[in-house]
Amino acid sequence: MPPAAAAADHRFRSKLLKIATFNVNGISARLPRLLDWLAETSPDVVCLQEIKTVDEGFPVEAIAAAGYASLVHGQKGFNGVAILSKQPAVETARGLDGDPADDHARYLEAEVGGVRVASIYLPNGNPQPGPKFDYKLRWFDRLTARAATLLAGERVVVLAGDYNVCQQAIDTYSEVAMTADALVQPETRARFRSLLFGGWTDAIRALQPSGPAYTFWDYQAGAWPRDMGLRIDHLLLSPVAADRLTNAGIDRSVRGGERASDHVPTWVELAV
DNA sequence: ATGCCTATGCGACATAGA
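Using our numbering, read the first sequence as starting at 70 and increasing by one per residue.
No wet-lab data here; the hints were simulated from the structure.
Even for Gly, the Cβ is constructed at its ideal location relative to N, Cα and C.
A couple of the hints might just be wrong.
[Claimed, not checked] Derived DMTMM-like pairs (lysine to aspartate or glutamate); straight-line CA-CA distance at most 25 angstroms:
| hint | residue 1 | residue 2 |
| --- | --- | --- |
| 1 | K87 | D250 |
| 2 | K201 | D171 |
| 3 | K87 | E244 |
| 4 | K87 | D172 |
| 5 | K145 | D320 |
| 6 | K145 | E125 |
| 7 | K87 | D312 |
| 8 | K145 | E109 |
| 9 | K87 | E109 |
[As the list claims (entries may be wrong)] The following label-pair restraints were derived from C-beta to C-beta distances:
| hint | residue 1 | residue 2 | range |
| --- | --- | --- | --- |
| 10 | N195 | R295 | 44 to 54 angstroms |
| 11 | E244 | E130 | 18 to 28 angstroms |
| 12 | Q289 | E256 | 37 to 47 angstroms |
| 13 | G146 | P196 | 18 to 28 angstroms |
| 14 | V159 | A246 | 19 to 29 angstroms |
| 15 | L276 | E223 | 37 to 47 angstroms |
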């Protein structure tokens, strides 16, 4: 099909695909909350982070009963990512190239509904400076390399996940309190900026250029009731995906639920 | 300045998170 015909075809058939990211902080502890949220909001694709279980421990049946297939890249005790989808998904990558010794489960990528989707759990990097921060920066560079490969394909791509980056001062409840934190260091922010300058669109900021848009509130110090949050969960869109962006949002109310995660679901809708 | 809280692991405190 020639490009013009393809574009016309897409306009006639246009339907919305809702893609979300949600750091659940333990799938076992969070399953009831996840199922409630799936039933309420009915996303088409969900990228999960911090499932904190091996593949065999993932509740595939309960999630299938809710109408979703699961792709799982798990790990014992911590980390672990997954992609849930109403339509069948085909796995395209598990882990990032560039460091064979890296055994953390932090990257999973799949093709679903004509969209390439990645579930990303970028290392936290604290304390900083130190080996954990060095690992964060190296991992970020490997992600950037993967992003460049995906961008060259001129496809609809959504890089969704917990980036552990507060890109601007408005993305923190207090820039002063965060001064020494790995999430706001110049080296961290420079790498995120490099992704944006490379052609990726930060979906939430594209639709809400100013003001807080927190996606995380610490369990400690009454951070949620005092609205002392951070914006660290992001959905980055390739140019073709950004052209199709119709809506984006943050499901803040999930943070107030019983036994909530410290992160809340964040999502985009694309006309596909 | 420090810890506050939560989830997990073959648990009885330690590690990790952000």
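Notebook entry, point to check: Is K87 within 25 angstroms of E109, Cα to Cα?
Noted result: Judged against 25 angstroms, a Cα distance of about 13 angstroms means the pair holds.
Checklist line | Satisfaction of the hinted span 18 to 28 angstroms by the C-beta atoms belonging to G146 and P196 | finding: With Cβ atoms ~20 angstroms apart, the hint holds.
Next item on the list: For the pair we were handed, K145 and E125, check the Cα-Cα distance against 25 angstroms.
Entry: holds (10 angstroms)
Next item on the list: Could you see if the CB distance from N195 to R295 stays within 44 to 54 angstroms?
Entry: violated (21 angstroms)
Notebook entry, point to check: Are the Cα positions of K201 and D171 separated by 25 angstroms at most?
Noted result: holds (13 angstroms)
Notebook entry, point to check: Within 25 angstroms, alpha carbon to alpha carbon, are K87 and D312?
Noted result: OK: K87 and D312 at ~15 angstroms, within 25 angstroms.
Note to self: For the hint 37 to 47 angstroms, verify it against the beta carbon of L276 and that of E223.
What the structure shows: Because 23 angstroms falls outside the window, the suggested range is violated.
Note to self: Given the hint of 18 to 28 angstroms, is the C-beta distance from E244 to E130 inside that range or not?
What the structure shows: Distance hint for E244, E130 is violated at roughly 45 angstroms.
Check: Is 37 to 47 angstroms right for how far apart the beta carbons of Q289 and E256 are?
Finding: violated (26 angstroms)
Margin query: Between the alpha carbons of K145 and E109, is the straight-line distance 25 angstroms or under?
Written below: The hint is violated at about 30 angstroms.
Item checked: Pair hint K87 and D172, alpha-carbon separation not exceeding 25 angstroms -> violated (31 angstroms)
Notebook entry, point to check: Does the alpha-carbon distance linking K145 and D320 stay inside the 25 angstroms limit?
Noted result: violated (28 angstroms)
Checked against the numbered hints given earlier, this structure breaks hints 1, 3, 4, 5, 8, 10, 11, 12, 14, 15; the rest are met.
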